[in-house]
Amino acid sequence: MFTNSMNSVPSSYNIGDIVYFTLLDNIVNLNLKPGDALNVKSISEQLNVSRTPVRDALIKLAKEGLVDVFPQKGTSVSRIDIRRVEEELFLRLSLEVRAVSVFMQEYQHSHIDSLQAFIDKQVEALEAKDYLSCLEYDDKFHHVFFNAINKNMCWNTIQSLSGHYRRVRLMSIWDHDIFLGVIEQHKHMLQNITACNIDIVRQLFLEHSSKLVKEIETLSEKYPEYFKIENETSFQLKTF
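For the sequence shown, my numbering gives the first residue as 10, with consecutive numbering after it.
Mixed in with the good hints there might be a few duds.
[As the list claims (entries may be wrong)] Cβ-Cβ distance ranges computed for the label pairs, FRET-style:
#  : residue 1 : residue 2 : range
1  : Thr166    : Lys237    : 19 to 27 Å
2  : Asp139    : Gln168    : 16 to 24 Å
3  : Arg107    : Gln194    : 17 to 25 Å
4  : Lys196    : Ser142    : 15 to 23 Å
5  : Phe99     : Lys196    : 19 to 27 Å
6  : Ser51     : Leu170    : 24 to 32 Å
7  : Lys138    : Glu73     : 23 to 31 Å
8  : Gln168    : Glu133    : 18 to 26 Å
9  : Trp183    : Asn159    : 29 to 37 Å
10 : Met162    : Lys82     : 34 to 42 Å
11 : Val111    : Glu73     : 25 to 33 Å
12 : Glu230    : Ser51     : 28 to 36 Å
Since the hints were derived computationally from the structure, they do not count as laboratory data. Computed from a predicted structure; not experimentally measured. Using N, Cα and C, we set each Cβ at its ideal position, and we do this for glycine too.
Generate the whole structure from the sequences, applying the supplied hints.
In C-alpha coordinates, the structure reads:
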(Lines of atoms letter the chains of each structure in order from A and count residues from 1; the text may use other names and numbers.)
(Lines give C-alpha, C1' and ligand atoms only; values in the text may rest on other atoms or scores of the structure.)
Protein backbone atom coordinates (compact mmCIF):
# COMPACT_ATOMS: atom_id res chain seq x y z
CA MET A 1 0.00 0.00 0.00
CA PHE A 2 1.27 3.47 -0.82
CA THR A 3 0.42 7.00 0.20
CA ASN A 4 -1.70 8.95 -2.27
CA SER A 5 -0.07 12.39 -2.50
CA MET A 6 -2.08 13.51 -5.54
CA ASN A 7 -3.43 16.53 -3.67
CA SER A 8 -0.08 17.69 -2.29
CA VAL A 9 1.84 18.30 -5.52
CA PRO A 10 2.08 21.67 -7.33
CA SER A 11 -1.02 22.59 -9.34
CA SER A 12 1.20 23.25 -12.37
CA TYR A 13 1.95 19.53 -12.72
CA ASN A 14 0.04 17.51 -15.30
CA ILE A 15 -1.47 14.12 -14.48
CA GLY A 16 1.59 12.27 -15.75
CA ASP A 17 3.91 14.29 -13.50
CA ILE A 18 1.64 13.78 -10.50
CA VAL A 19 1.50 10.00 -10.96
CA TYR A 20 5.27 9.83 -11.47
CA PHE A 21 6.15 11.88 -8.38
CA THR A 22 3.56 10.04 -6.27
CA LEU A 23 5.14 6.70 -7.14
CA LEU A 24 8.67 8.09 -6.81
CA ASP A 25 7.99 9.47 -3.33
CA ASN A 26 6.48 6.18 -2.19
CA ILE A 27 9.45 4.21 -3.50
CA VAL A 28 12.25 6.37 -2.07
CA ASN A 29 10.39 6.79 1.23
CA LEU A 30 9.90 3.00 1.46
CA ASN A 31 6.11 3.08 1.58
CA LEU A 32 6.57 0.77 -1.38
CA LYS A 33 9.19 -1.74 -0.30
CA PRO A 34 11.92 -3.18 -2.55
CA GLY A 35 10.42 -6.17 -4.34
CA ASP A 36 6.79 -5.03 -3.97
CA ALA A 37 4.63 -5.81 -7.00
CA LEU A 38 3.31 -2.85 -9.01
CA ASN A 39 0.00 -3.45 -10.76
CA VAL A 40 -1.07 -0.85 -13.32
CA LYS A 41 -4.78 -1.51 -12.82
CA SER A 42 -4.55 -1.32 -9.03
CA ILE A 43 -2.47 1.87 -9.06
CA SER A 44 -4.75 3.59 -11.57
CA GLU A 45 -7.76 2.79 -9.38
CA GLN A 46 -6.08 4.03 -6.19
CA LEU A 47 -5.04 7.28 -7.86
CA ASN A 48 -8.28 7.59 -9.83
CA VAL A 49 -6.49 8.06 -13.15
CA SER A 50 -6.37 6.15 -16.41
CA ARG A 51 -3.79 3.43 -16.94
CA THR A 52 -1.77 5.38 -19.51
CA PRO A 53 -0.07 7.85 -17.09
CA VAL A 54 0.63 4.95 -14.72
CA ARG A 55 2.35 2.96 -17.47
CA ASP A 56 4.32 6.04 -18.53
CA ALA A 57 5.42 6.69 -14.94
CA LEU A 58 6.56 3.09 -14.50
CA ILE A 59 8.55 3.23 -17.74
CA LYS A 60 10.29 6.40 -16.52
CA LEU A 61 11.01 4.88 -13.11
CA ALA A 62 12.39 1.76 -14.80
CA LYS A 63 14.82 3.93 -16.78
CA GLU A 64 15.92 5.47 -13.48
CA GLY A 65 16.56 2.04 -11.99
CA LEU A 66 13.79 2.23 -9.39
CA VAL A 67 11.40 -0.22 -11.05
CA ASP A 68 12.10 -3.64 -12.56
CA VAL A 69 10.02 -4.91 -15.47
CA PHE A 70 10.01 -8.68 -15.98
CA PRO A 71 8.45 -9.89 -19.25
CA GLN A 72 5.59 -12.30 -18.60
CA LYS A 73 6.06 -11.85 -14.84
CA GLY A 74 5.13 -8.26 -14.08
CA THR A 75 6.59 -5.10 -12.59
CA SER A 76 8.01 -4.53 -9.13
CA VAL A 77 9.92 -1.98 -7.07
CA SER A 78 13.62 -2.54 -7.69
CA ARG A 79 15.70 -4.00 -4.93
CA ILE A 80 18.50 -1.77 -3.67
CA ASP A 81 21.51 -2.22 -5.92
CA ILE A 82 24.69 -1.88 -3.86
CA ARG A 83 26.77 -1.08 -6.92
CA ARG A 84 24.37 1.74 -7.76
CA VAL A 85 24.46 3.02 -4.17
CA GLU A 86 28.24 3.25 -4.43
CA GLU A 87 28.03 5.28 -7.64
CA GLU A 88 25.33 7.58 -6.28
CA LEU A 89 27.42 8.13 -3.16
CA PHE A 90 30.52 8.81 -5.28
CA LEU A 91 28.60 11.45 -7.27
CA ARG A 92 27.27 13.13 -4.15
CA LEU A 93 30.60 13.14 -2.36
CA SER A 94 32.49 14.48 -5.38
CA LEU A 95 30.14 17.44 -5.77
CA GLU A 96 29.59 18.12 -2.09
CA VAL A 97 33.24 18.23 -1.05
CA ARG A 98 33.83 20.79 -3.80
CA ALA A 99 30.70 22.74 -2.81
CA VAL A 100 31.77 22.92 0.83
CA SER A 101 35.23 24.15 -0.16
CA VAL A 102 33.66 27.05 -2.07
CA PHE A 103 31.06 27.60 0.66
CA MET A 104 33.75 28.13 3.28
CA GLN A 105 35.11 31.04 1.26
CA GLU A 106 31.75 32.71 0.68
CA TYR A 107 29.28 31.88 3.47
CA GLN A 108 27.30 34.46 5.43
CA HIS A 109 26.28 34.28 9.09
CA SER A 110 22.73 33.51 7.96
CA HIS A 111 23.97 30.29 6.38
CA ILE A 112 25.54 29.21 9.67
CA ASP A 113 22.25 29.97 11.41
CA SER A 114 20.43 27.78 8.88
CA LEU A 115 22.85 24.89 9.39
CA GLN A 116 22.40 25.09 13.16
CA ALA A 117 18.62 25.28 12.81
CA PHE A 118 18.54 22.13 10.68
CA ILE A 119 20.72 20.30 13.21
CA ASP A 120 18.24 21.28 15.93
CA LYS A 121 15.36 20.05 13.75
CA GLN A 122 17.15 16.73 13.24
CA VAL A 123 17.42 16.29 17.01
CA GLU A 124 13.72 17.04 17.47
CA ALA A 125 12.69 14.67 14.68
CA LEU A 126 14.84 11.86 16.06
CA GLU A 127 13.38 12.29 19.55
CA ALA A 128 9.91 12.05 17.98
CA LYS A 129 10.97 8.99 15.93
CA ASP A 130 9.85 10.88 12.82
CA TYR A 131 12.30 9.22 10.45
CA LEU A 132 11.13 10.87 7.25
CA SER A 133 11.59 14.29 8.87
CA CYS A 134 15.06 13.21 10.03
CA LEU A 135 15.95 12.57 6.42
CA GLU A 136 14.26 15.76 5.24
CA TYR A 137 16.26 17.95 7.64
CA ASP A 138 19.42 16.01 6.82
CA ASP A 139 18.87 16.91 3.16
CA LYS A 140 18.14 20.53 4.04
CA PHE A 141 21.37 20.71 6.04
CA HIS A 142 23.42 19.55 3.04
CA HIS A 143 21.42 21.68 0.59
CA VAL A 144 22.60 24.83 2.37
CA PHE A 145 26.11 24.36 0.95
CA PHE A 146 24.86 24.26 -2.65
CA ASN A 147 22.21 26.94 -2.30
CA ALA A 148 24.64 29.39 -0.69
CA ILE A 149 27.00 29.23 -3.70
CA ASN A 150 24.22 29.18 -6.33
CA LYS A 151 24.80 25.60 -7.40
CA ASN A 152 21.25 24.30 -7.12
CA MET A 153 21.50 22.47 -10.45
CA CYS A 154 24.23 20.33 -8.90
CA TRP A 155 22.05 19.65 -5.88
CA ASN A 156 19.05 18.76 -8.05
CA THR A 157 21.23 16.39 -10.06
CA ILE A 158 22.29 14.63 -6.87
CA GLN A 159 18.71 14.34 -5.68
CA SER A 160 17.38 13.03 -8.99
CA LEU A 161 20.05 10.32 -9.18
CA SER A 162 20.00 9.09 -5.59
CA GLY A 163 16.98 6.79 -5.34
CA HIS A 164 18.93 3.75 -4.17
CA TYR A 165 21.19 5.77 -1.85
CA ARG A 166 18.21 7.57 -0.31
CA ARG A 167 16.53 4.29 0.57
CA VAL A 168 19.67 3.10 2.34
CA ARG A 169 19.90 6.39 4.24
CA LEU A 170 16.30 6.04 5.40
CA MET A 171 16.89 2.46 6.54
CA SER A 172 19.98 3.55 8.47
CA ILE A 173 17.90 6.16 10.30
CA TRP A 174 15.69 3.40 11.70
CA ASP A 175 18.62 2.75 14.04
CA HIS A 176 18.53 5.54 16.64
CA ASP A 177 22.24 5.34 17.44
CA ILE A 178 23.27 5.55 13.79
CA PHE A 179 21.39 8.80 13.17
CA LEU A 180 22.53 10.18 16.51
CA GLY A 181 26.05 9.68 15.15
CA VAL A 182 25.09 11.53 11.96
CA ILE A 183 23.89 14.49 14.02
CA GLU A 184 27.15 14.55 15.98
CA GLN A 185 29.08 14.56 12.69
CA HIS A 186 27.00 17.51 11.50
CA LYS A 187 27.84 19.37 14.70
CA HIS A 188 31.55 18.73 14.18
CA MET A 189 31.28 19.89 10.57
CA LEU A 190 29.65 23.14 11.65
CA GLN A 191 32.23 23.76 14.38
CA ASN A 192 35.10 23.32 11.94
CA ILE A 193 33.42 25.37 9.22
CA THR A 194 33.17 28.35 11.56
CA ALA A 195 36.78 27.72 12.66
CA CYS A 196 37.87 27.70 8.98
CA ASN A 197 39.43 24.24 9.30
CA ILE A 198 38.85 23.26 5.68
CA ASP A 199 41.02 20.13 5.73
CA ILE A 200 39.20 18.79 8.78
CA VAL A 201 35.83 19.56 7.18
CA ARG A 202 36.79 17.64 4.05
CA GLN A 203 37.92 14.71 6.17
CA LEU A 204 34.64 14.77 8.11
CA PHE A 205 32.70 14.53 4.85
CA LEU A 206 34.79 11.55 3.80
CA GLU A 207 34.21 9.89 7.17
CA HIS A 208 30.51 10.76 6.99
CA SER A 209 30.15 8.87 3.71
CA SER A 210 32.52 6.03 4.58
CA LYS A 211 30.49 5.34 7.72
CA LEU A 212 27.37 4.80 5.61
CA VAL A 213 29.26 2.45 3.31
CA LYS A 214 30.03 0.22 6.30
CA GLU A 215 26.42 0.43 7.49
CA ILE A 216 25.21 -0.83 4.09
CA GLU A 217 26.91 -4.16 4.75
CA THR A 218 25.04 -4.48 8.05
CA LEU A 219 21.72 -3.45 6.50
CA SER A 220 22.08 -5.91 3.62
CA GLU A 221 22.56 -8.70 6.16
CA LYS A 222 19.63 -7.56 8.30
CA TYR A 223 17.25 -6.96 5.36
CA PRO A 224 18.54 -9.28 2.60
CA GLU A 225 15.16 -9.27 0.84
CA TYR A 226 15.57 -5.53 0.14
CA PHE A 227 18.93 -5.82 -1.62
CA LYS A 228 20.14 -6.95 -5.02
CA ILE A 229 23.70 -8.21 -4.78
CA GLU A 230 25.34 -9.74 -7.83
CA ASN A 231 28.68 -11.55 -7.82
CA GLU A 232 29.00 -11.12 -4.07
CA THR A 233 32.31 -12.97 -3.92
CA SER A 234 34.01 -10.62 -6.37
CA PHE A 235 32.54 -7.28 -5.27
CA GLN A 236 33.34 -5.22 -2.23
CA LEU A 237 32.14 -1.74 -1.36
CA LYS A 238 34.88 0.83 -1.59
CA THR A 239 35.42 3.32 1.18
CA PHE A 240 36.31 6.82 0.07
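Okay, the hints, checked on the actual structure:
{"no.": "1", "hint": "Thr166 with Lys237: 19 to 27 Å", "result": "24 Å, holds"}
{"no.": "2", "hint": "Asp139 with Gln168: 16 to 24 Å", "result": "20 Å, holds"}
{"no.": "3", "hint": "Arg107 with Gln194: 17 to 25 Å", "result": "19 Å, holds"}
{"no.": "4", "hint": "Lys196 with Ser142: 15 to 23 Å", "result": "18 Å, holds"}
{"no.": "5", "hint": "Phe99 with Lys196: 19 to 27 Å", "result": "25 Å, holds"}
{"no.": "6", "hint": "Ser51 with Leu170: 24 to 32 Å", "result": "28 Å, holds"}
{"no.": "7", "hint": "Lys138 with Glu73: 23 to 31 Å", "result": "30 Å, holds"}
{"no.": "8", "hint": "Gln168 with Glu133: 18 to 26 Å", "result": "23 Å, holds"}
{"no.": "9", "hint": "Trp183 with Asn159: 29 to 37 Å", "result": "35 Å, holds"}
{"no.": "10", "hint": "Met162 with Lys82: 34 to 42 Å", "result": "38 Å, holds"}
{"no.": "11", "hint": "Val111 with Glu73: 25 to 33 Å", "result": "29 Å, holds"}
{"no.": "12", "hint": "Glu230 with Ser51: 28 to 36 Å", "result": "32 Å, holds"}
In terms of the numbered hints stated before, the structure departs from none.
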